[in-house]
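Engineer: The lines below spell out each chain.
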Amino acid sequence: MLVVTCPVCGAKGDETDFHYGGQAHIRRPATHDPVNISDEEQRDYLFIRNNPKGLHFERWRCDRGCGKWFHAARDTQSLEFKAFYGIIELPPEELQKEAKGPWADYFKKRAKAKA
Amino acid sequence: MSGKPYRLSKGGSRIDRSQPISFSFDGKTLSGLAGDTLATAVMASGQKLFGRSFKYHRPRGVVGLGAEEMNALVGVGAGARHEPNLRATQVELYSGLTSISQNRWPSLSFDVGAFNSLFSRFFPGGFYYKTFMWPQAFWKHVYEPFIRRAAGLGKAADERDPDAYEHMHIHADVVVVGGGIAGLTATEAAAVSGARVLLIDENPVLGGIADITAGKAGDSSVADLAKEIAARVAKLPNVHVLTRTTAAGHYHHNYMLAFERVADHDPALLAAGAPRHRLWRIRAGHVILATGALERPIAFANNDRPGIMLAAAARAMVERYGVAPGTSGVVFTNNDDAYLTAFVLKKAGVAVRVVDSRARPEGDLPKLAMADRIEVDAGSVISVVEGSSGVTAVKIAAYRRGQGRVITEKKVACDFVAMSGGFNPVLHLWCHNGGKIRFDDALASFRPHTHGDAITAAGGANGTMSVAETLTEAAAAGEAAAKSVNGKVKASKIKLPKVEEPKRGALETLWFAPATGKYNQGNKHFIDFQNDVTAADLELAQREGYESVEHTKRYTTFGMATDQGKTSNINGLGVLSEATGKPIPEIGITTFRPPYTPYSFGSIAGALTKDLFLPVRRTPIFQWHVDRGAVFEPVGQWRRAYTYPEPGEDKHRSINREILCVRNKVGLLDASTLGKIEIKGPDAAEFLDRMYTNTFSTLKVGKCRYGLMMNELGFLTDDGVTVRLDEDHFLMHTTSGGADRIAAWLEEWLQTEWTQYKVFVTPVTEQWAQFAIAGPRAREVLAKLEPDFHFSNEAFPHMSFKTGKLGGYPVRIFRISFSGEQSYEVATPANLGRGLWDAIMEAGKEFGIAPYGTEALHVLRAEKGYIVIGDETDGTTTPYDVGLDGLVSKKKADFIGKRSLEQAYLKGPNRKQLVGLLTEDPNEVLPDGAYAVRTVKDKPPMEMIGQVTSTYMSPTLNRSIAMALIENGRARMGEVISFPLEGGKVVKAKITGAVFYDKDGGRIHA
Amino acid sequence: MLEARFESALAQRSAPENIYIDMREISERGMIDLRGQTSDRKFTAAARAVLGTDLPKEPRTSATWGDAKILWLSPDQWLITCPRGKAQDLTNALVKELGDTHSLAINVSDMRAIIRLEGEFAREVVMKGSTLDLTDGDYTPGTVRRMRFAEIAALLHIVEEKTIDIYVFRSYAHYAWDFLVKAARKGSEVRLFPNSG
Amino acid sequence: MTQRYSIFSLARNAMGYHMDWEKAWRSPAPKSEYDAVIVGAGGHGLATAYYLAKNHKMTNIAVVEKGWLGGGNTGRNTTIIRSNYLQDPSIAIYELARSLYENLSQELNFNMMFSPRGVMMLCQTEHEFRAFKRTAHANRLAGLDCRMITPAEVKEIVPIINDDPTCRYPILGAYYQPRGGTGRHDAVAWGYARGADALGVDIIQNCEVTGIRREGGKVVGLDTAKGTIKTKKIGVVAAGHVSTIMDMAGVRMPIESLCLQALVSEPIKPVIDCVVMANTVHGYISQSDKGELVIGGGTDPYNNYSQRGSFTALEHTVTALVETFPIISRLRMLRQWGGIVDMTGDRSPIIGKTDVDGLYVNCGWGTGGFKAIPGSGWVFADTMANDRPHPIAEPFSLNRFTEGRLIDESVAAAVAH
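Protein chains in written order, with our numbering: chain Y, 1 to 115; chain A, 10001 to 11006; chain S, 20001 to 20197; chain V, 30001 to 30417.
Each hint should be verified, as a subset may be incorrect.
DSS-like mimics (lysine-lysine), calculated; alpha carbons at most 30 Å apart, straight line [to be verified]:
id	chain 1	residue 1	chain 2	residue 2
1	A	Lys10140	V	Lys30218
2	V	Lys30155	A	Lys10436
3	V	Lys30218	Y	Lys100
4	Y	Lys97	Y	Lys109
5	Y	Lys12	A	Lys10758
6	A	Lys10140	V	Lys30066
7	V	Lys30269	A	Lys10651
Residues on chain Y that point at chain S, a partial pick, calculated with CB under 7 Å [to be verified]:
id	residue
8	Pro7
9	Cys9
10	Asp14
11	Asp17
12	His19
13	Arg64
14	Gly65
15	Cys66
16	Gly67
Simulated from the structure, these hints should not be mistaken for lab results.
For each residue, glycine too, the CB sits at the ideal point set by N, CA and C.
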């Protein structure tokens, strides 16, 4: 039974007061360019998931609290939360750096796009 | 023997000799004393035999002191209150307790299953994997039924449990597990430092093993020290003490479960309203494990005979209960602690001698024993035990560490053995959530190492055996825990007494006491007593390649009995270590799984049984439906009226009557369960365009539109009518089951994808009672209630909306229809719902109004070819599949599911499409879910081309109708397809359009 | 003219006996759900103009003005409770005053049922069904918190030290009531931290 | 020649105090090169190796395993075997598996105790009832021996069931597969391991894979804790850890790893003789030969590699089962644990080739893999040996997610596997 803290309202409680919403930072292609979406892009959006053993980034909702969605960084092995952050935010820099595998690739790409 | 031959004339700190208690064991009425456990009360009467082992059905008696007991398992209580597999050492005696032994037939002393024991040579570990394979059918029909009957331990009750259970949630800064001197000291230290402390102990009284521990603390005995701290702790405002409570599991983020036996020891509490068990759900800031250490048995030949106990257990029997384990005994040890047992026995007048594997025991206690003229065979082991249903003698043999078999031995008559192979720190809770442990050679056991959680171990649990060190360590642990949780610590600290205790000599590792023969040739050195796993079995597993300790465990079942290896795990590793020549840490250790000791399923369910199991949602009209004799059906969490049979009517007739009433007169439906969501904001219309497949931004204020929703995979998930209340304000209806899901779905998209939209979504389902008044006379009923309201087609056309009053009730009225008839849905605030319902029924009387239920509704809509999400769709159905292409916008650039709908497979050929079916025989109703086949064959397999989604006998059309999803269905109009049913019958049906009644839709606008 | 007949969610439940707290339905309160953005000063000013006090912005707090209470539900949502008879007028006033600011005010007086618990052990009884720690000092009078209670969603309002209101959706009211009656059964007292006074 | 197991060999060995039994499998060091390497010595991986050797005569192969063989989900599941699925592709593979299970003890000369004691899926809502009626029609026409049974029949087969028609979820009927049942999970892994080993397969335990070597679009070998192994064919059968392994080859998967919860009660005398699945309330239960009630439930909702028991899912399941089987209230939970299950986007498995030549994957069995082991190994071995999907494996290809060609079993009333 995990303890989750909502970064929006500060409510801290058991995981059963929250709703898990799967992987974070998935881009919905149709929102940006509804016309040109390849089958592969659509597959990646709908099905391909980062599934790291270790640091992961995910979505939660303060289901029995303020009702707001937020992001969390969590280790999938120790189940320890490393950070809670806003639903339209990226994780803290140091966690982006700590990320491995597909997550590391993702954050690098985001940083590049920004630069 | 008669009377209570083993009850000593003096002593027994826990018993009250003035309060005899009558109870029964295996039908025999016995008498014990208040404070006894079932184990001590039975043993006081002279009975040592408590049960039979799992595989060989060998006779077994009490071995342990409490939770570690693996042999003396009993069933307690009668009838619906019977509970199997309880450890007799933990069952507190109460007047009228009934108990039985288990796993024997016909009786404990004469057990036919013991026959197995004679052939045990043919049943080594894992033997069943090698046989029982021929002939093939025999496993299921011959071998397995026999094994199943023989296996299992006690019997389950055969009726529903009459007792109550509950949960309690608690948060504590510090949770201390174990109320011995370590736990008590840690509790006091943490509490005076300002922390809120929860102290949990599984025993009825605090103190742990203080009362059987040597030493002086200041002027007090260790026992008195424990009592003094317990008394102080009991008065602290920031401490909550739970006794008779087992900390069962430690989980992520310092979550713990503890299992309190509130009333098991006293039926009067149950009668007064107490729950039988209470499950504590605990969130700890910091956990201190003061769970002590469990004594290890020693593996020697026939070490399982009744009368062979752990040394501390034997000592506690005398000290606490005034019960002697026998008349003449041998203490067999490899360490100093067991000498205390010898002293206690001698003092109680029981003849005793000591066998010590160590050649030169050097501690204070052995010296004291020799000074006290207790006979000690140093450098010796017990090589074999004689006697079958009890101990009659032991053979004592000279031994040097590592010796494989003994040469000379002497026989000594005795009737019990108290053994001690050393102590294992109780690591279960430490390990449940991944704590690391390390092997300690001095202890010859594992002790806590590192842990990722805020948790520490103190005292015996940490491998600390001395009283003085335990107190220091526990006090420090308590203070540190308080500090880690609360930041700074109050100045007050507890003062520790000065301790004097005997100097301990070193323990000598002894996993296995050799016998004269090869131990694997007939001698049974039990490691796991309950599951009958011997040292030879473990070695066999190694020889056969089951080298991983997990393989050995699973192959032999070692450590898998109801004690979960409490006494056997380390001994087994020791044997494996000696067999393989690998040190124990390399052998590894099997995983500790929760719970520490088994706890009741009833306590897990807690209060959530019967009506409280899961909530049933009720509409404001619920009681009316009940009073009217409605048959209900669950819809999501709701109970909806399915139909309202009149006296003498069956469901079928009642449904038909309701349908015809709507078609010919007027019916009233409780539609309060429909989801209702208010959506408001400048971007509300655009937002809805994203959510629905069709367009809502073009909807006029005051008008209604039916909408379809898909998920991102392009499959239908919900539908309903949405009303535009104002330019920026909509009221969405969802399916009854979809209300919460869709509200959350809308919120999710708003918060996570279209964050720029200014839209508020507020679910209001429960604010409103909502009814459908449907049928050709609906308008007349409403007009009677509110003559001034304009209900005419012109003033209030189909798919429009008005607010106003109806018979004095404030209402929202929607001219919408799911029956195909002229229909108004009326919503009024929920607390007024029942009043309005009654008013409508009253007003409708003269027009022949009748309530109709969900089944009539379903037939009515099927006659009209309207889909039901979940019937015509199954989560893989697209709008195209059900023929609603017209509701999928071609203009909108993007809406949820649009892109997936373009996926080749979803648009591809041979999709199943919604069609109507008319059976050739109009009286033949196709079964639910029946499949049509391409070609009927004599026998399966047959290629299937689609299935029935809804099927009814239509009273309106006086014939059967069905809807179905059929491969390329829309291109096959008029084709007759075949449905092969069970038993060879084939029903033929013609494919038609799905609208069966009033095809031009005139009645809706009537 | 007919008179509308009123029947609250728990009207048919009788007063429980043999329980160790006091418990009753509060059916005389009306409720308004208010949505708006606190960053929008027009919104906050309009709300203040009608309600007479600022909307509480601090999570899990409430404000009182006259016979109305304003319970924080979310950064953009409040539940206003007032005497039932005033709820519609107050809603209308809010809607009018809020005008075209991005907001939503709905009279939801019938959407929830309120169960009031009173007594020494009110908090303990709630803790049999909720994971919240009502003994830790954070839950002072005025505190509001949404929670999972037994198998349902509920809103907790600490009215006074030993008075707690539990708001549940109307269709679940009987379930919450029955759970509480069972949890508060005499003989099942826990007496958490018995010396804490 | 491997020693045969039988009542006679058992008796013969008893005379010698069981000193002469051979090892069930060897513990070889890895060779420098194999014709194929299977990653993961669970049931699916070992069965694949066995059938590669037996059916396709590929005996120069190895199975590499991070821990001990059978130590993942094979040794952690609730041992249910059934094939009464709704969708045609599912029926095909699960029925192949079930029929292979019928003779598996004899085939492997290792008693894995397949016990066709019947699997019953309760119908507790009208919706579920209708969904199972549909499944029943589909299964009958596919040739499965399954049928709908009435509440009275349910009660007769499972007398301890709560048949109170007024209870929260009354029993409306059940969908029953009489030849479904249970097996001894460890024995399946051990039997296949022993069988494969006897055919020359090297099973290398404690040998974690640390890298997959590619040359352009094809695999050439893998790095392990015991050195580098050359091979042109790699079959990844690593269940919950499949993403980790496939990431090494640069292949991204539609998989999430969750922790599935299971538990057993203390052993009691027989009270329930078949497998009962109550999908509405998310619980399933059977009784092992040892007498323990074996109970499975849901997964924790979040990605999870911890393999530990938690309480949330368990609480829900046990509460439901106490209501469904009220007599278990006074029985006790003995042990709980978790297994890391690999869930795909449509909850059906993935079997087949990947975009990398010589790299094959068999995963996504989620909560239902045990029942599929023989069939899964059979078709995956065929796929690997012939470098094209076996017809039964074909619908389960990885590219179905690109095409939108999902195989969704949850349409049948959210049935647990």
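Engineer: Under 7 Å is the threshold here; is the Cβ of Arg64 (chain Y) close enough to any Cβ of chain S for the hint to stand?
Structural biologist: Since the shortest Cβ distance to chain S is 5 Å, the answer is holds.
Engineer: For a C-alpha distance cap of 30 Å, please report whether Lys10140 (chain A) and Lys30218 (chain V) respect it.
Structural biologist: Violated: Lys10140 (chain A) and Lys30218 (chain V) sit about 47 Å apart, past 30 Å.
Engineer: Check the hint pairing Lys97 (chain Y) with Lys109 (chain Y) against an upper bound of 30 Å on the C-alpha distance.
Structural biologist: holds, 12 Å
Engineer: With chain S as the partner, please determine if Asp14 (chain Y) meets the hint condition of a C-beta pair closer than 7 Å.
Structural biologist: holds, 5 Å
Engineer: Take the C-alpha atoms of Lys10140 (chain A) and Lys30066 (chain V), compute the straight-line distance between them, and say whether it is at most 30 Å.
Structural biologist: violated, 35 Å
Engineer: For the pair we were handed, Lys30155 (chain V) and Lys10436 (chain A), check the Cα-Cα distance against 30 Å.
Structural biologist: Roughly 48 Å separates the two Cα atoms, so the pair is violated.
Engineer: Can you verify the interface hint for Cys66 (chain Y): is its Cβ closer than 7 Å to any Cβ in chain S?
Structural biologist: holds, 4 Å
Engineer: For the hint on His19 (chain Y), does the least C-beta distance to chain S fall short of 7 Å?
Structural biologist: Where the cut-off is 7 Å and the nearest Cβ of chain S is about 11 Å from His19 (chain Y), the hint is violated.
Engineer: Can you confirm whether the C-alpha distance between Lys12 (chain Y) and Lys10758 (chain A) stays at or below 30 Å?
Structural biologist: Cα-Cα ~28 Å, so holds.
Engineer: Please verify that hint: Gly67 (chain Y), Cβ, nearest Cβ of chain S, below 7 Å or not.
Structural biologist: holds, 5 Å
Engineer: May I ask you to test the interface hint for Cys9 (chain Y) with respect to chain S, counting a Cβ-Cβ separation under 7 Å as satisfied?
Structural biologist: holds, 4 Å
Engineer: Should the hint that Pro7 (chain Y) touches chain S count as held when the rule is a Cβ pair under 7 Å?
Structural biologist: This hint is violated: Pro7 (chain Y) lies away from chain S, its Cβ roughly 11 Å from the closest one there, beyond 7 Å.
Checked against the numbered hints above, the structure violates hints 1, 2, 6, 7, 8, 12; every other hint is satisfied.
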